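Residue numbers (the UniProt record's numbering), protein chains in the order written: chain X, 1 to 154; chain C, 1 to 154.
Since the hints were derived computationally from the structure, they do not count as laboratory data.
Hints are supplied without guarantee of correctness; some may be wrong.
Which copy? The list can't say, so a pair holds if one copy fits it or any two copies do.
Said to hold, decoys possible - In silico lysine to aspartate or glutamate, EDC-like type, Cα no more than 20 angstroms apart, as pairs:
#1 K148 / D95
#2 K54 / D13
#3 K54 / D71
#4 K148 / E62
#5 K148 / D13
#6 K148 / D138
#7 K148 / E64
None of these values were measured; they are calculated from a predicted model.
There are 2 protein chains.
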Amino acid sequence: MGVEIERKFLVVDDSWRAGTTGSLLCQGYISTDPERIVRVRIEGGAACLTIKSKSTGISCGEWEYAIPLQDARALLDEVCQRPLIEKQRYRIARDGVVWEVDEFFGDNAGLVVAEVELNAEDQIFVRPSWLGEEVSHDRRYANASLIKNPYKNW
Amino acid sequence: MGVEIERKFLVVDDSWRAGTTGSLLCQGYISTDPERIVRVRIEGGAACLTIKSKSTGISCGEWEYAIPLQDARALLDEVCQRPLIEKQRYRIARDGVVWEVDEFFGDNAGLVVAEVELNAEDQIFVRPSWLGEEVSHDRRYANASLIKNPYKNW
């Protein structure tokens with residue numbers, strides 16, 4: 001088990017795209033209960049099953065297990081709630097942290113968020129020029145929420 | 001992924017106990033949604049995370065992963081719904097099949113069920129003398145149901 005400490009922001013422009021290449025993520029949820037989220041994710045040729053406990057502030061417990069790709073495909077097809085989430089993830093290393101910028105497709109097209117994983121809740125980091133409003137505490141932006149209330153309906 | 005084909009019965013007396021020794025199981029549920037059950041189980045020194053898809057008749061899809069014992073303890077303590085299920089499981093090999101007799105504790109004390117896992121839905125098997133009424137299709141006997149509506153409330 002690890003503790004995931006993460007802050008999430010909107011982006012104000014497209015300047016983060018310069019020189020980045022992303023990878024496609026497909027993920028689905030077996031449980032969207034905020035106290036016990038269960039996610040299946042495929043990225044590239046690898047797959048994982050992740051359990052997240054109730055978040056307190058910007059931290060939550062996280063247990064992640066690699067699973068066979070064919071299991072993940074079956075779980076996404078047969079078990080996960082609908083719809084699935086598809087997004088392109090761009091990783092941008094900058095000033096000692098790695099920003100993950102997610103560009104959503106499907107019913108969440110138009111939504112772009114930037115996340116940074118921290119080692120402590122009070123860790124100081126440099127804000128890139130393209131970083132916008134913080135949405136860490138807005139549950140609407142949780143991926144498990146986006147399958148019930150997609151961005152196109154906001 | 002496997003397909004689990006299982007039939008479940010009550011028992012009519014205690015004669016199944018002769019010569020058996022059981023092992024203690026502790027399990028909890030992250031999801032009790034009948035279409036996507038997620039279970040954490042500790043038996044002896046081993047632990048597993050199991051996902052079950054919607055059952056059709058007596059069959060359901062099952063994906064099971066061994067996980068570290070300390071992860072399972074944390075998931076049972078911090079993530080699983082309350083209450084947990086504790087039961088003694090007895091395995092009885094008889095006439096080519098293995099009967100698993102579960103004797104429940106806590107709020108389900110007094111409940112004893114016998115399950116047999118089959119290779120096909122129409123597999124013929126010999127009914128032991130202690131086997132009672134079949135309850136395969138009665139959702140109340142599903143362990144994921146017993147945490148919401150325990151036997152003591154029936």
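We went through each hint and held it up to the structure:
1. K148 / D95: neither (35 angstroms within a copy, 50 angstroms between copies)
2. K54 / D13: neither (32 angstroms within a copy, 44 angstroms between copies)
3. K54 / D71: between (26 angstroms within a copy, 16 angstroms between copies)
4. K148 / E62: Neither, since 22 angstroms and 26 angstroms both go past 20 angstroms.
5. K148 / D13: Cα proximity of K148 and D13: none, with 27 angstroms in one copy and 49 angstroms across.
6. K148 / D138: within (15 angstroms within a copy, 31 angstroms between copies)
7. K148 / E64: neither (23 angstroms within a copy, 27 angstroms between copies)
Going down the numbered hints, you'll see the structure goes against 1, 2, 4, 5 and 7, while the others check out.
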